[in-house]
Amino acid sequence: MKKVLAFLLTTVMVVSLAACGGSKASQSTSDEGNQEATTQDATTQEAGNTLTVWCWDPAFNIYAMQEAEKVYQKDHPDFKLNVVETPWADIQTKLTTAATSGDLSSLPDILLMQDNAFQKYVLSYPEAIADITSSGIDFKQFGEAKTAYSVVDGKNYGVPFDNGAVISCLRTDVLEQAGYTVEDFTDVTWTKYIEMGKDILAKTGKPLLSAQAGECDLIMIMLQSAGASLFDENGNPTIVNNDVLLKVMDVYKELVTSGVLIEVNDWDEYIGTLNSETVAGTINGCWILGSIQSAADQSGKWGITNMPSLEGVTGATNYSNNGGSSWLVTANGKNTQLATDFLNRTFAGSVPFYETILPSSGALATYLPAGESDVYAQPQEFFGGKAIYSQITEYAGKVPSNNTGVYYYEARDAVKAALVNIVAGADATTELKNAEDTVKFQMGQ
Amino acid sequence: MNQSKKKMKLDRRHNLVGWAFLTPAVILIVIMSFIPMVKALLLSFQTGIGNKLKWAGTLNYVRMFQDTVFMQALKNNFVYLIIQVPIMLVFALVLASMLNNKNLRFKGLFRTAIFLPCATSLVSYAIIFRSLFAVDGFINMILIKLGILETGYNFLVNPTSARIVVILALIWRWTGYNMVFYLSGLQNIEYSVYEAAKIDGASVFQSFWRITVPLLKPTILLTAIMSTNGTLQLFDESVNLTKGGPANATLTMSHYIYNTSFKYVPNFGYSAAMSYLILILVAVLAFIQLKVGDKRD
Numbered sequence: 001m002k003k004v005l006a007f008l009l010t011t012v013m014v015v016s017l018a019a020c021g022g023s024k025a026s027q028s029t030s031d032e033g034n035q036e037a038t039t040q041d042a043t044t045q046e047a048g049n050t051l052t053v054w055c056w057d058p059a060f061n062i063y064a065m066q067e068a069e070k071v072y073q074k075d076h077p078d079f080k081l082n083v084v085e086t087p088w089a090d091i092q093t094k095l096t097t098a099a100t101s102g103d104l105s106s107l108p109d110i111l112l113m114q115d116n117a118f119q120k121y122v123l124s125y126p127e128a129i130a131d132i133t134s135s136g137i138d139f140k141q142f143g144e145a146k147t148a149y150s151v152v153d154g155k156n157y158g159v160p161f162d163n164g165a166v167i168s169c170l171r172t173d174v175l176e177q178a179g180y181t182v183e184d185f186t187d188v189t190w191t192k193y194i195e196m197g198k199d200i201l202a203k204t205g206k207p208l209l210s211a212q213a214g215e216c217d218l219i220m221i222m223l224q225s226a227g228a229s230l231f232d233e234n235g236n237p238t239i240v241n242n243d244v245l246l247k248v249m250d251v252y253k254e255l256v257t258s259g260v261l262i263e264v265n266d267w268d269e270y271i272g273t274l275n276s277e278t279v280a281g282t283i284n285g286c287w288i289l290g291s292i293q294s295a296a297d298q299s300g301k302w303g304i305t306n307m308p309s310l311e312g313v314t315g316a317t318n319y320s321n322n323g324g325s326s327w328l329v330t331a332n333g334k335n336t337q338l339a340t341d342f343l344n345r346t347f348a349g350s351v352p353f354y355e356t357i358l359p360s361s362g363a364l365a366t367y368l369p370a371g372e373s374d375v376y377a378q379p380q381e382f383f384g385g386k387a388i389y390s391q392i393t394e395y396a397g398k399v400p401s402n403n404t405g406v407y408y409y410e411a412r413d414a415v416k417a418a419l420v421n422i423v424a425g426a427d428a429t430t431e432l433k434n435a436e437d438t439v440k441f442q443m444g445q
Numbered sequence: 446m447n448q449s450k451k452k453m454k455l456d457r458r459h460n461l462v463g464w465a466f467l468t469p470a471v472i473l474i475v476i477m478s479f480i481p482m483v484k485a486l487l488l489s490f491q492t493g494i495g496n497k498l499k500w501a502g503t504l505n506y507v508r509m510f511q512d513t514v515f516m517q518a519l520k521n522n523f524v525y526l527i528i529q530v531p532i533m534l535v536f537a538l539v540l541a542s543m544l545n546n547k548n549l550r551f552k553g554l555f556r557t558a559i560f561l562p563c564a565t566s567l568v569s570y571a572i573i574f575r576s577l578f579a580v581d582g583f584i585n586m587i588l589i590k591l592g593i594l595e596t597g598y599n600f601l602v603n604p605t606s607a608r609i610v611v612i613l614a615l616i617w618r619w620t621g622y623n624m625v626f627y628l629s630g631l632q633n634i635e636y637s638v639y640e641a642a643k644i645d646g647a648s649v650f651q652s653f654w655r656i657t658v659p660l661l662k663p664t665i666l667l668t669a670i671m672s673t674n675g676t677l678q679l680f681d682e683s684v685n686l687t688k689g690g691p692a693n694a695t696l697t698m699s700h701y702i703y704n705t706s707f708k709y710v711p712n713f714g715y716s717a718a719m720s721y722l723i724l725i726l727v728a729v730l731a732f733i734q735l736k737v738g739d740k741r742d
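The listed protein sequences correspond, in order, to chains L and Y. FYI, the numbering used here numbers position 366 of the first sequence as 366, with every residue one higher than the one before it. FYI, the numbering used here numbers position 231 of the second sequence as 676, with every residue one higher than the one before it.
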């Protein structure tokens, strides 16, 4: 009897397991999406003047959207914007759910898309994303490298938003102790940077950089600074026999072994090293300025300049890009016209709009005409009275363009694994070969 | 004659009432579990990006055995299974028999304290463990204060120490849960049995090994199967504690399935096939455990 009972229990558990495993795959058929669709339908159908938007940061992109609403309302008094705060991870699962179930009505009219994921979604769910090439938006007014993220097969799918131009941030007071200035770090190579970094470490005990262990933000930044990427123009992986990548791995390893860069475990720890004065600088997308400024007591102690360049690599520059996002218009057919017109008159056509959002959110535009605005040229107390925003806008225009590729996240994870092993002492060529094999395998469906 | 007819009617009525109570639950289970299961099975025989699926036969099932990352994840799951489950179950058993002692004071307090980890959210405990083992975290601070380490050791960067941290976290989280099963099993063992053993001169260890363990065998079997099942489906710890790193050393199968569905270019057919492999593995392991563990008839 007990045996029968035990067997029954096992069966029950096995069945519940299968349900779990199955639900992961077939979430597309769940009712969740439909329920949301009906509630959202109700709001949008009531007024054809309402747009729903998904984005994630109240201090940044949500704020920008709300300001854009005010700008558009001047000409269209009936217009209303319904901004739903949706974390990036949720946007991805919701978009996947809606697209696989074929019921696009649960999608908003506009959503914010990370540039690195843009190609993947356009390729995977083309039916869910509107082609806005001929919507009247002048894409030439945006930085070229930035616009390239949302272009697939010559068609535009996104309106570029925030800037991810890379800056090298430095603690001027620490540099001074060691006898350096920010100018010493301008237009330098990595060799020179590491050399000065060692000196500063010896004199002040502070490393110049910190990074998340096993993450490869810095690797991707260095790659793009030379116009390279993990894929070629045709989307084939170029991880093996990629001289730039090998050089980058060399530089990274040197940074870690010399102690100029310390590795931490997660994002909060990384921000902690900046705010608690553990390190004397950082290199990241210019959106990092927001986190740096959260330590109000460090006002006036920071300076910014361009990043170091790779040595002995063709096409190497002192400029790169990390992160950033673009607005995507969904193809749910409800308000596509209104959505593109709204974007055209705000994010893609209003300098005063960018002048409003810059001072309070630090949202740097990729909209080039805005860069010439006076607001950008105003000196910033926190950064030693320098006009850093026009400086960064200038950097943004010089960033080399590269192809992120559809399989960006696969390649990134594979290189991440290789990076951990290489830093631990494994042979770079073999590790990169393994990484390329992994990516190639994952690309062959 | 008449009486038996009446009885049959009554039986039937009882049956009907029973079914009426069961129906809502059955309908819900069929819609929420069985239909998705069948759909997932069909999906596992298809391949393609996003919505563009086509039939591919057993391609996905062959493919996963050539996938180095998935094989690594499978290996990781078995490392957890082989090392963590036995340690945890022995630990739970010892704790349970200690707490079953009649003369122990504050029993309720101890039981609650040991069961409490089980009531914490999977995500939050994983994040707390991550910060405990950070370079400037609590564990490193203690090790430095005690003079064992000079500077903080980055536990989550080394593959071996990262796995040990995951195993420690799992033991902390699940020992109390299994202990409760043993405690309830122990209530069925007459205390007089222990007293008799004591009079006969059995040591504490002997009465544990000769009385507690054999009499608890069905419960031990149950917890072993449940732990196996849980370990093979491990997800939260891999995602939140170590993010699958360093170099995929702590990545679990469920985490990889999530990646292939939502992080990478979506390949739901392949994900469904991998989910079914977990199902098959659990079924096989449970069957073996039943065969090995239950030798009474």
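Since the hints were made in silico from the structure, they are not lab data. Owing to the predicted nature of the structure, the values given are computational and were not obtained by experimental measurement. Certain hints may be false.
What the hints assert, rightly or not - Taking beta-carbon pairs under 8 Å as the criterion, some of the chain Y residues facing chain L (in silico):
(1) 507
(2) 513
(3) 531
(4) 570
(5) 571
(6) 575
(7) 580
(8) 584
(9) 585
(10) 595
(11) 596
(12) 599
(13) 601
(14) 602
(15) 690
(16) 692
To be verified - Straight line, CA to CA, 27 Å or less: simulated DSSO-like cross-link-like pairs of lysine-lysine:
(17) Y/497 to L/440
(18) L/440 to Y/590
(19) Y/688 to L/94
(20) L/440 to Y/708
(21) L/440 to Y/736
(22) Y/590 to L/206
(23) L/94 to Y/708
(24) Y/643 to Y/662
(25) L/253 to L/94
(26) Y/520 to Y/688
(27) Y/484 to L/94
(28) Y/643 to L/433
(29) L/198 to L/253
(30) Y/662 to Y/736
(31) Y/547 to Y/484
Stated by the list, open to error - Label pairs and their computed distance ranges (CB to CB):
(32) L/258 to Y/658: 31 to 37 Å
(33) Y/680 to L/131: 33 to 39 Å
(34) Y/725 to L/349: 55 to 61 Å
(35) Y/516 to L/276: 37 to 43 Å
(36) Y/564 to L/78: 28 to 34 Å
(37) Y/477 to L/254: 52 to 58 Å
Quick reminder that beta carbons are idealized off the backbone N, C-alpha and C, glycines included.
Going down the list of hints, with the structure as the test:
no.	hint	verdict
1	507	violated (12 Å)
2	513	holds (6 Å)
3	531	violated (19 Å)
4	570	violated (16 Å)
5	571	violated (12 Å)
6	575	holds (7 Å)
7	580	holds (6 Å)
8	584	violated (12 Å)
9	585	violated (11 Å)
10	595	violated (14 Å)
11	596	violated (11 Å)
12	599	holds (7 Å)
13	601	holds (5 Å)
14	602	holds (5 Å)
15	690	holds (4 Å)
16	692	holds (4 Å)
17	Y/497 to L/440	holds (20 Å)
18	L/440 to Y/590	violated (48 Å)
19	Y/688 to L/94	holds (22 Å)
20	L/440 to Y/708	holds (17 Å)
21	L/440 to Y/736	violated (42 Å)
22	Y/590 to L/206	holds (22 Å)
23	L/94 to Y/708	holds (13 Å)
24	Y/643 to Y/662	holds (22 Å)
25	L/253 to L/94	violated (39 Å)
26	Y/520 to Y/688	holds (17 Å)
27	Y/484 to L/94	holds (20 Å)
28	Y/643 to L/433	violated (66 Å)
29	L/198 to L/253	holds (14 Å)
30	Y/662 to Y/736	holds (13 Å)
31	Y/547 to Y/484	violated (53 Å)
32	L/258 to Y/658: 31 to 37 Å	violated (56 Å)
33	Y/680 to L/131: 33 to 39 Å	holds (37 Å)
34	Y/725 to L/349: 55 to 61 Å	holds (57 Å)
35	Y/516 to L/276: 37 to 43 Å	holds (41 Å)
36	Y/564 to L/78: 28 to 34 Å	violated (51 Å)
37	Y/477 to L/254: 52 to 58 Å	holds (55 Å)
Taken one by one, the earlier hints fail for this structure at numbers 1, 3, 4, 5, 8, 9, 10, 11, 18, 21, 25, 28, 31, 32, 36, listed in ascending order.
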